[in-house]
Amino acid sequence: MNEIPLWASETFWKKTAIWVTAGSFLVLVVLTMDSLSKTSAGSKRVPAYSVINKKIDYQYNKELHKFMPVISENELLFGKEYTEQEALQLVDLGKKTTQAKNCMNCHTLLGNGAYYAPDLTKAWLDKGWVSKEVREDMMMRFLMDPEKNARTFGSNRKMPNLNITEQEAKGIIAFLKWMSSIDTNGFPYNFKTINAEE
Amino acid sequence: MNTSGINGVIQKATALYETSQVCMNDFKSWVQLDSSHLSDGQRLAVKYFIVAVILFFAQILFGLLAATQFIFPGFLYEILDFSVNRMIHINAMIVWMLYGFIGCVYWFLEDESGTEIVGLKLGNIAFWVLTGAVTLVVLVYLLVQIGPGKDSSLWFINEGREYIEAPRWADIGIVIVMLIFFYNVVATFIKGKWSGIAGVLTLDLVALAGLYVAGMFYMTNITHEQYWWWWVIHLWVEATWEVLVGVIMAWSLMKLLGVRRKIIQTWLYIEVALMFGSGILGLGHHYFWIGTPEYWLTIGGFFSALEPIPLVAMVVHAVYDTGANAFKNSNHPALAWIIAQAFGNFFGAGVWGFMHTLPQINMFTHGTQWSASHGHLAFFGAYATINIAFFYLAIQHWRGDVWMGSDSQNTWRWKWALGLLNGGVLGMTIALLIAGYEQSFIERAVEGSTWGGYFTAQNHPSFQSAMVWRLFFGGVTFAGFVLLVWDLLTIGKGETRLAPEIIEMR
Ligand code: HEM
Ligand code: HEM
Ligand SMILES: [Fe+2]
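Quick note, the sequences are listed as chains A and B, same order.
Residue numbering for the first sequence follows the working numbering, starting at 1 and increasing by one per position.
Residue numbering for the second sequence follows the working numbering, starting at 199 and increasing by one per position.
Honestly, the hints are just simulated from the structure, not real lab data.
Each hint should be verified, as a subset may be incorrect.
[Said to hold, decoys possible] Below, simulated DSSO-like cross-link-like pairs (lysine-lysine); rule was C-alpha separation at most 30 Å, straight line:
| hint | chain 1 | residue 1 | chain 2 | residue 2 |
| --- | --- | --- | --- | --- |
| 1 | A | K54 | B | K348 |
| 2 | A | K15 | B | K391 |
| 3 | B | K348 | A | K148 |
| 4 | A | K55 | A | K127 |
| 5 | B | K348 | A | K55 |
| 6 | B | K348 | A | K15 |
| 7 | B | K210 | A | K15 |
| 8 | A | K14 | B | K348 |
| 9 | B | K348 | A | K80 |
| 10 | A | K44 | A | K54 |
| 11 | A | K158 | B | K348 |
| 12 | A | K14 | B | K453 |
[As the list claims (entries may be wrong)] So, partial list: chain B residues that the calculated Cβ filter (under 8 Å) puts toward chain A:
| hint | residue |
| --- | --- |
| 13 | E276 |
| 14 | L278 |
| 15 | L479 |
Think of the CB as a built atom: it goes at the ideal place given N, C-alpha and C, for glycine as much as any other residue.
If we strip away everything but chain A, and leave its shape as in the complex, we get (with noise of 0.2 Å):
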């Protein structure tokens, strides 16, 4: 009669919540090594920092029904050919840059961060740079004075300026297009690039 049925006793759901804890546990663990093989820079996702060497551009695939990074033919960043070491240093100069001036908490970096300015996952590839022959000159007097070359869109809503020097702008502008190459898994979606035709 008095017996407690093992559903409500508490040894049975102490000894549940440790096997479930350290068994999921063990699972992320197992996923986490996976995952970060898969994403080591040079890998088939994310790409070598020797990619700002290269044109990028982010396309519908259609027998994957997802957007896609097109990594093709070479289209040199500030008209010079990186090696691996070099494409590393000034990729992490700007990933670095992007942290001291807190970037994140106005922008969104692969839509995370706050929500006060654009994404800027793909940012290289936006449109708003109006052409590629113009984007890198524009893009460098934007991030060193962004207040005179404001591009507010309509909304009075201007970066401030952040003292950026013009290598550390430099940095930046690479670790934007490196990170443009990066597969998102389709996200954004719809995203129409500076390279496609109206």
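Based on the hints, put chain B with the ligands in the right spot on chain A.
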């Protein structure tokens, strides 16, 4: 500089110090709190609670500044930019909630273990070190704000990673302080008596502190960096913090309603199993679009969709226990906030989270005001509420366990504070939800997330009016906060009936 100048400064400083002393004494005689009612651990706990409330104020203040900038972009431009205000807004939130949790644990540690805290002195030193560090970090956020793209900026100014912006030196300090806290908890339980609550708490604190370390490294590869960043953010709020709240809730329901320990602990184990079973792999809902493999779409979607289950169970638990005890309890505001927690957690995390957690939907809501809508209701509903409930438990004991029931004086204050705070946050949540839908539709679906598309959505009248409503309800939230502080300082003052006697009479 000449000597008379220095003397003048010293004179002014002493005068200022004396006035502040007088104010402090006036304040003390006004609040009439008698600390002899508190045990040593509880005295340490209330220190944490006081800083928590101050940081809660900072959170709301800087939230209001940031919200104003959405409407008037020129407001404080290049003085306190949006990024600075927002960083302080969300950092203050994380830190005040952690202060609150540490306070809660110190509050019940001696009661639960049946002995005195082992390292009280160490605990006090840790409190002052942490508080000093937090002050310094905030001052640097406000005055220095940003640095050059070098390691030194990440070490001394800020790391530029949402929610865990604190510079590296502070990270290390935080870990040391957490270790001291952890030592105090474990050593005290070992010296006194062990319990199911103690066991869950210990394991949870190990995980909570360990996860923080996962967020302390710089990486060039942004996919890897965000991978570990989410380990901290997600595995905190959707796993370890939830369980910590489960522990705090378990102890509170035992004390507040007299629920039996065996039942409470069985519930706690069930909650741990469900929470960790869904929340750990539910982490995958942040790995849809950051470059990680496609299997996360399935794993993340599936497990995170299960996350609301424990939250439903918690609502059932709280409502059942309250009903089973016919609402008989001596601290009505605390119980009201506990009920608010159960529902806030369920709606904010469970319902709002579920609505955008499947990848087919998240593709369009990801990184829009939709996320902010969910973030506000979830953090407030799950974690602000439980801390506020505990503040009421603490103040009752501090006043000498006086009665805080329906026939007490000035109950309108806590009722209005409850209504304004919950109504304010809910209002902001709905405003942001409307803005989020509009963004998902116009920016994401129609315009394909270009910069032009982003601003088309931002300039849309429905978005702009949503931002005005958000600011309005932010004001409502602020009013609720002011009332809450006033009530906490005055509730139970002049009450002579003791809570236990009243309970027995009924
Ligand atoms: C109390 C628990 C929770 C809290 C405090 C919380 C808080 C947050 C916050 C603040 C964000 C935004 C992160 C950012 O800044 O990018 C977020 C994102 C998210 N949350 Fe939660 N959450 C909780 C529980 C849940 C649950 C239970 C679910 C699912 C059922 C969920 C689903 C999501 C999803 C899918 C996102 C990503 C949004 C995006 O793609 O932008 N959350 N959460
Ligand atoms: C006066 C009240 C408040 C106002 C005006 C306010 C305003 C804001 C603003 C403007 C943002 C930036 C959103 C963006 O990037 O576009 C924000 C973010 C956030 N706030 Fe608040 N807030 C308030 C209260 C709260 C409260 C009470 C909580 C939780 C307890 C909270 C939690 C958050 C979180 C978690 C985020 C980050 C959301 C995300 O990244 O998705 N806020 N808030
Ligand atoms: Fe999550």
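Close enough to count: is the Cβ of L278(B) nearer than 8 Å to one in chain A? 10 Å, violated
Is the Cα-Cα distance between K158(A) and K348(B) 30 Å or less? Answer holds: K158(A) to K348(B) is near 25 Å, not above 30 Å.
For K15(A) and K391(B), compute the direct alpha-carbon distance and say whether it is at most 30 Å. Roughly 21 Å between the alpha carbons, so the hint for K15(A) and K391(B) holds.
Restraint status (C-alpha distance of K14(A) to K453(B) at most 30 Å): Since the Cα atoms of K14(A) and K453(B) sit roughly 22 Å apart, the hinted pair holds (cutoff 30 Å).
Supplied contact hint for E276(B), tested at 8 Å Cβ to chain A: Given a least distance of 5 Å, the restraint on E276(B) holds.
K54(A) and K348(B): Cα distance at most 30 Å? Answer holds: K54(A) to K348(B) is near 27 Å, not above 30 Å.
Would you check the hint for K44(A) and K54(A), treating anything up to 30 Å between C-alpha atoms as holding? 15 Å, holds
Keeping to a limit of 30 Å between CA atoms, is the pair of K348(B) and K55(A) held or broken? Within the cut-off at roughly 29 Å; holds.
Would you mind confirming whether the straight-line C-alpha gap from K348(B) to K80(A) stays at or under 30 Å? At roughly 24 Å apart (the allowed maximum being 30 Å), K80(A) and K348(B) satisfy the hint.
Check the hint pairing K348(B) with K148(A) against an upper bound of 30 Å on the C-alpha distance. 26 Å, holds
Pair hint outcome, K348(B) versus K15(A) [Cα-Cα no greater than 30 Å]: 48 Å, violated
Measuring from the C-beta of L479(B) to each C-beta in chain A, is the shortest one below 8 Å? 6 Å, holds
Violated hints, listed in ascending order, are 6, 7, 8, 14; each of the other numbered hints is respected by the structure.
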